[in-house]
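K.L.:
This is what each chain is made of:
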Amino acid sequence: MFLINCPYCGERDQSEFSSGGEAHIVRPKQPTELSDDQWAEYLFMRKNIKGVQFERWNHTHGCRKWFNVVRDTSNDIIHAVYKMGEKPPVK
Amino acid sequence: MKNKYSIFSLIKNAFSYHENWQRAWRDPEPKKEYDAIIIGGGGHGLATAYYLAKKHSMTNIAVVEKGWIGGGNTGRNTTIIRSNYLWDASAGLYDHALKLWEGLSQELNYNVMFSQRGVMNLAHNLQDVRDLKRRTHANRLNGIDAVWLNTDEVKKFCPIINTSPEIRYPVLGGTLQRRAGTARHDAVAWGYARGADAMGVDIIQNCEVKGIKRNGDSLEGIETTKGFIKAKKIGVVTAGHSSVIANMVDLKLPLESKPLQALVSEPVKPIIDTVVMSNAVHAYVSQSDKGELVIGAGTDAYVSYTQRGSHDVVEGTLKAILELYPIFSRMKMLRQWGGIVDICPDASPIISKTHIKGLYFNCGWGTGGFKATPGSGDLFAHTIANDEPHKLNADFNINRFISGDLVDEHGAAAVAH
Amino acid sequence: MSKNLRTTNNKFIDQTSRISFKFDGKKLYGFKGDTLASALLANNIHLVGRSFKYHRPRGIMTCGSEEPNAILQVGNDPSMTEPNTRATEIEIYEGLEASSQNCWPSVNFDLGAVNNFFSPLIPAAFYYKTFMWPANFWKLYEYFIRKSAGLGKSPTEPDKDIYDQRYLHCDVLIVGGGISGIMAAKTAAKNNLNTVLIDDKNTLGGTTIFQENECYKINNLYSNKWLKKEIETLKSFKNLTIKTRTSLAAYHNYNYLLARENLTDHLDLNEKKDKIRQRLWKIRSKKVIIATGAMERPLIFNNNDRPGIILSSSIKKYIDYYGVKCGQKVSLFTNNDSAYETAISLNNSGVTVNSIVDIRDKTNSLIVKEVDKLGIKIHWKSSVVNTNGYKKINSIEIMKLSDDGAAVVGKKIKVECDCLGISGGWTPRVHLFTQSGGKLKFRIEDNVFLPDKSKLDQISIGSCNGDFELDEVIKNSVYLTNKFLEINNNDYENLEIISSKEINKKNIWLLPSDKPLGKTKPFLDFQNDSTANDIKLALREGFKSIEHVKRYTTTGMATDQGKLSNMHALGIIAETAGVKMGELGTTTFRPPYTPLTFGAIVGRNVGKFFDITRKTPMHDWHVENKAKFENVGQWKRAWYYPKDNENMYEAVQRESKAARDSSGILDASTLGKIDIQGSDASEFLNRVYTNAWSKLEIGKCRYGLMLNEDGMVYDDGVTTRLSENHYLMTTTTGGAANVLSKLEDYLQTEWPELDVYLTSVTDHYGTVSICGPNSKKILSKVIPDLVLSDEEFPHMSFKNALIDNIKCRVMRISFTGELSYEINIQSSYVKSVWEKCIDAGKEFDITPYGTETMHLLRAEKGFIITGQDTDGTMTPVDLQMDWIISKKKYDFIGKRSLYRSDTIREDRKQLVGLLTEDPKEILEEGAQIVAETNKKPIEMIGHVTSSYFSPNLNKSIALAVVKNGKKLKGQKMFVPMKDKTINVTITDTVFLDKENKRLNA
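Residue numbers (this note's numbering), protein chains in the order written: chain D, 19 to 109; chain B, 93 to 509; chain F, 7 to 1007.
These aren't lab readings, by the way, just hints derived from the structure by calculation.
For each residue, glycine too, the CB sits at the ideal point set by N, CA and C.
Heads up, some of the hints might be wrong.
Quick partial rundown of chain D residues pointing at chain B, CB under 10 Å, derived from the structure [stated by the list, open to error]: (1) D31; (2) G39; (3) E59; (4) R64; (5) D94.
DSS-like cross-link-like pairs, simulated, lysine-lysine; straight-line CA separation at most 30 Å [as the list claims (entries may be wrong)]: (6) F/K642 x B/K248; (7) F/K231 x F/K379; (8) F/K145 x B/K248; (9) F/K379 x B/K247.
Generate coordinates for the entire structure from the input sequences, incorporating the hints supplied.
P.N.:
The following block contains the structure:
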């Protein structure tokens, strides 16, 4: 069980948070303009990276804020945490 | 088959102190080229190779495995086998597998210990009852032997379950599939490996795939830690690592890989003679032939390739176990471990061609792939050999995520009024 | 008690307080401080169990958690008995009853021992090769296999003990209270760090605390005396917590550790009651120091498993710590110096050591010289090739080793003994280190795996880090601790240490015998009965990976998890396969370190604490009025209110009729309520619901359907516009939390530009729903000031009102199709409003109804229940609710998914009504629907989602989803049940009051 440094509350146990999956998959502004393929790409297709992944987490049992986490999925080490809308750190 | 196994061969070999047993499979160096390569030496991959050789006469093939065969989810799962699925497509797929299980020990001349001790799914709220009855009716009409049991019948079938109406989520009934049960996980991998090897399939262990070489839209072969191997057809059966392989050819799959945990207790004399699953309180348990209680925990809800999940999940599972079986409170957890499961959004697998010619994926089995092993291998072999799916896996193509024809096996959505 | 097996050693055992206990029904005595193992040995009982497969007699072999043989059933009470308990870890208490396992009729005479005779037929993994004929006989074979497998017996009644859990946060956690752990703890505590020291034994000091030997001295004191003083000084530190009888179970990522503290297991039977039995500590430590020591290895030779064969260091502990002689005439067999310490200890206590068999060439270390002085016969460069004695060892056979160690040569010498101490060197306990994700390195000179790299803030010190000699342990532990804690502690700088140094090292994993290997039984895994032969068989059959060998032979998979066997298995594999051990790698050490009680893992979360129970503000009223309850998520909802002897059907018929004929009252407090405020609230609702919201007038209510992004119905409910920028959304009971999370997600991540704030108010307000033709009259009695005319207060609108000066919101909305009002009021007032309504409704025979009646009433009207009539695969179009999809809106959640090639198909499953040919026949919910009964395979075109007998229509009605159902209206279909087929007709979904006249009745 890892620790996540919530940018609003500080370091807390992972069990207080829930994962929102891969980050920076922006919901298309004009979904109706997309082909079925493109829509499926947004909806379902994921890189599911083994290694450093940018992902969304929510402090469900805390401030309920969403934010981003850079985590290595091969060892659960967290490299960075940043707020929604902030620029992601360079790898 | 070389070195047929039986009680007679055991007696014969006893006289020579078991020093004359042959190898169960060879340990070959990879050839320069194969007609097809299966990436992933788990149960599904080895079964695929077995049926490619057996039913489609493709013997110039290889299975490449990063570690040791059967070392992934095959060797880490809780070995439940059942076919009481809701949708026709799933019922067809899993019952095909179940039928193969029923003759597998003899087919492979390897005792996979398929034990049809029944699998019971419990209902704990009214929507559970509706959903399970719906499934039972569908199963019956699909020729699958599921029956509905009321609470008393549940108690009778498995007396140690706490069916008191006083518990937090009382047991309101359940479905039972008697043909369902468990098997010995390692034996499945080893049995298929031995069978495939005997037909000439090269099983190459400690051989990690580093890249897939393409020429335009067709395949040339794979780069591995044991060098480049040519092949025009590649079947990927790497479970939790499916996306890792897919990313090598810039293919995105509708998968997330998550930790799934399981645990066993210390071995005790027979105390539970069936498999009991409960989705609502999340506990499932069976007892192995060795006497250990085999308990499946849930998945963590985040992507991880660490093969370890959080302790909370284990605690939550045991909480549910003690709710249903308060007699197990003094039992002790002997071992706990994790695997990496690849989960599709509709909780159904993918056994499919891809847009790259000659590249096939068999993945997305999530938490329940073991039960499908023989069927999955058979149908994937068919798909690879014919470059088109068998009718039993036609619905499990990747395109369903584009067209919207999902095979949603989450069961009914959350209870709500 | 055989007095002659006790010395008068009183240091750790209180020989003045005698304790009685029972083993296999026989009453025996021990002393306070004894373990069950030491007490049994003092009573000259070695044979305590039978092995798993061959049922060979087995005796106590160790003195700790690595014990493979002395695995006992403790207690007879069906609720309190505990299987597979290690005698070496149980402290005896008055009333203890233990018995041997896996033997019948008794451990002394076990019929299962016939397996030993058949052992040539049942080598490793034999079961994969047989039991396949005839095919259907596996069930029978398996029955007998299962019966003979397993060790102890599970309790058969619920545990009466309580378990507990606590969190612990600290700067430094030290695992292991041996000499290095104690020095580390003192160092950390002295530097004001919040320090915790845990040890699984009842006293601190590890093995040094009973090391009283001329060869091991610190500052001119025996090492034990010096350490005792150190332990004394620990008491002065307030920032140091010491927990004994606390065993570290698991070491997870991010320095998260679990430790089990035993609180009552050592207490007398009558003292245990009503106390917490075990406590699981969930520890988060900034830094972790592992000081778990090392364990002695056995030696692998023919018949090395007889009772009386004990690890040499354990014999030493039994004599020096417990004052128990494991034998009167002891032989020792070793490959290293540590057995010589045992020889000295035994000799000091007056036990004859008649020979030491050492595989090494002669060596001259300090301690060997000491032993030499005592005149004990040492057989250099020799090996034990066999042992004799069925239930207890009585002699050993010794031969000289060849120069290369691969064979034995010369004459066989037989030496009589009643105990054989064996020592194969030491294995650092690196289990916790590897559990935490650390990588190991291999040290060739003494064949040990040592901690190498770790990503966590931790170190290993002492013998678990490969330091086996007193001076090295102290020097390196001090250095490493100081460096790790970034402090400079000089306390241990100038210690004068005397320590015997081992000069010669030699190791043979599988000792040669004068017989061919196939005829010998050199055991590796004592509990699972796997031998060196089994390992070789696995390798011969092509199982090369260590994990394959382990699984094929089951080596290391017993309840001791291979603590004693893993190294030898690796060694033999490496030797046989010609691979270097360091390259072979190890198997994974999986948590827990020692088996962990389910009860402790679960703690208090059992019984009524299994899950939260959410109750509505008028729950007590429901209870008083005999309601039956339904679990809906965590909520308890009134299901129906049986009168007299009514069953559910009768009660629901009565309630349903009353609600339509006069008035009914429902507790709707569990529905999710989300308060939505902000200048963009309307736009937000536009995006999350399928229909349009901008034009909803203030004071009006609207029903909304929410989809998933994949176009499937997710939730529904009525939302009310309270003011320009203020809405109150209701959700389903079960969906409330998920809906809020989902909305927050979109708001914070996709649409941060929207000025919207969401607050869950589900628990803040309760809801009383009254319906039926008389509901208006009742409401006017409860709130006389409220104008209830259809013009002033039409359907789908809301009013603020006061009840006894308390503000409330009244919505005129209906889920039953009747004229209906919902009063929302602050939770603390709900019960009184409910009772007020009941009072006011008395003259109209107001009838409380539960969820079942609610379901029936809404089904009569064809209203869906998400989760019951939908299952995550239904679009609004499938529900025949096309009207709710706004054509004007550019986008909403899930919109795009509705236009995929398979979601726009006309022949999808669609919601329809069903009527049975026989109006009395009630369909079963979940039953399948077919168009043709003769077709094979039978094609299911849909299923029944809701089904009731309607007392208002006097016939059975049902909702169903049917393939292409929209077009099949009026068609006859079949519902094939197990014993009959029911004829049905597809109808419209609305059965009652199609014109909605009743809403304004």
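K.L.:
Have a go at the D/E59 hint: is there a Cβ in chain B nearer than 10 Å to its own Cβ?
P.N.:
Status holds, d = 7 Å.
K.L.:
Is the interface hint for D/G39 satisfied, with its Cβ closer than 10 Å to some Cβ of chain B?
P.N.:
Holds: closest Cβ of chain B sits about 7 Å from D/G39, inside 10 Å.
K.L.:
Hold the hint about D/D94 up to the distance rule: shortest CB distance to chain B must be less than 10 Å.
P.N.:
The hint holds - D/D94 has a Cβ within 10 Å of chain B, the shortest such distance being about 5 Å.
K.L.:
Is F/K145 within 30 Å of B/K248, Cα to Cα?
P.N.:
20 Å, holds
K.L.:
Would you check the hint for F/K379 and B/K247, treating anything up to 30 Å between C-alpha atoms as holding?
P.N.:
71 Å, violated
K.L.:
For the hint on D/R64, just tell me whether its beta-carbon gets within less than 10 Å of chain B.
P.N.:
Interface hint status for D/R64: holds (6 Å vs cutoff 10 Å).
K.L.:
Taking 30 Å as the top limit, are the C-alpha atoms of F/K231 and F/K379 close enough?
P.N.:
25 Å, holds
K.L.:
Given the proposed pairing of F/K642 with B/K248, does the C-alpha separation stay at or below 30 Å?
P.N.:
28 Å, holds
K.L.:
Taking 10 Å as the limit, does the beta-carbon of D/D31 come near enough to a beta-carbon in chain B?
P.N.:
9 Å, holds
In this structure, only the earlier hint numbered 9 is contradicted, and the remaining ones agree with it.
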